[in-house]
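Trainee: The primary structure of each chain is shown beneath.
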Amino acid sequence: SQQGEEDPQALSIQEGENATMNCSYKTSINNLQWYRQNSGRGLVHLILIRSNEREKHSGRLRVTLDTSKKSSSLLITASRAADTASYFCATDPSAGGTSYGKLTFGQGTILTVHP
Amino acid sequence: EAGVAQSPRYKIIEKRQSVAFWCNPISGHATLYWYQQILGQGPKLLIQFQNNGVVDDSQLPKDRFSAERLKGVDSTLKIQPAKLEDSAVYLCASSLPVPPYEQYFGPGTRLTVT
Numbered sequence: 007s008q009q010g011e012e013d014p015q016a017l018s019i020q021e022g023e024n025a026t027m028n029c030s031y032k033t034s035i036n037n038l039q040w041y042r043q044n045s046g047r048g049l050v051h052l053i054l055i056r057s058n059e060r061e062k063h064s065g066r067l068r069v070t071l072d073t074s075k076k077s078s079s080l081l082i083t084a085s086r087a088a089d090t091a092s093y094f095c096a097t098d099p100s101a102g103g104t105s106y107g108k109l110t111f112g113q114g115t116i117l118t119v120h121p
Numbered sequence: 002e003a004g005v006a007q008s009p010r011y012k013i014i015e016k017r018q019s020v021a022f023w024c025n026p027i028s029g030h031a032t033l034y035w036y037q038q039i040l041g042q043g044p045k046l047l048i049q050f051q052n053n054g055v056v057d058d059s060q061l062p063k064d065r066f067s068a069e070r071l072k073g074v075d076s077t078l079k080i081q082p083a084k085l086e087d088s089a090v091y092l093c094a095s096s097l098p099v100p101p102y103e104q105y106f107g108p109g110t111r112l113t114v115t
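Protein chains in written order, with my numbering: chain A, 7 to 121; chain B, 2 to 115.
Derived by calculation from the structure, the hints in this document are not laboratory data.
On a predicted model such as this, the values are computed, not experimentally measured, just so you know.
Just to be clear, a hint being listed does not mean it is correct.
Rough simulated footprint, nothing fancy, chain A against chain B, three-plus residues with beta-carbon under 8 Å [claimed, not checked]:
hint, region
1, 45-55
2, 88-101
3, 104-113
Ideal Cβ placement from N, Cα and C applies to all residues, glycine included.
Bound-form chain A, shown alone (with noise of 0.2 Å):
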């Protein structure tokens, strides 16, 4: 099943603007995390934000958490054409303080940046 949900399902931008990609989610986490996918890399780990963590920042990449509305927030500031790629917000749904590493992953959005 998937958990988390991604919303938009597809973003398109113009270079140099920002992209913010939303992820909600339905049961109780220990982490929330973001991959990036294209077709030159696969699968590619970009952040992890713990369930105790609010915003957490690496780079030109944002990520906020808030646990009560249970939703996540990608922001890439500054996009370049590289960034084109799917992102997806997955899920570690071990609550109480455990991760087994068991991760769900939601649909994705696809983010296009124009030259």
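Position chain B against the provided structure of chain A, taking the given hints into account.
Mentor: Same frame as chain A, now just chain B:
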């Protein structure tokens, strides 16, 4: 550091035939995962190994899918007999056996069942 290796990269078979996929994880990664990714969807976990043992195979269709990880390193995933709906990309991932289990994915095997 060498990444996760998978073979073959592509496979075309007819329904009711059998097929096997191979995965070699990153050295030192005791945890290994097989995912199925149908076109337009996110990956779905089929089975998770910790060394030789199965941690979770709740979403593995056991009537036709099987997986093994001999000696706690390489792994094979088999489908017998294949159905049309098995057409997908099969991804192998590995991680260290400790939280948060950051997973590294291989390039995948694209299976087409005709």
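Trainee: Between the region 104-113 of chain B and chain A, are there enough contacts, at least three residues with CB-CB distance under 8 Å, for the coverage claim to hold?
Mentor: This one holds; 6 residues, not fewer than the three required, reach chain A with a Cβ under 8 Å.
Trainee: Does the region 88-101 of chain B contain three or more residues whose Cβ lies closer than 8 Å to a Cβ of chain A?
Mentor: holds (count 5)
Trainee: Tell me whether the statement that chain A covers the region 45-55 of chain B is true, taking a Cβ distance below 8 Å and needing three residues at minimum.
Mentor: holds (count 3)
Violated hints: none; the structure is consistent with every hint.
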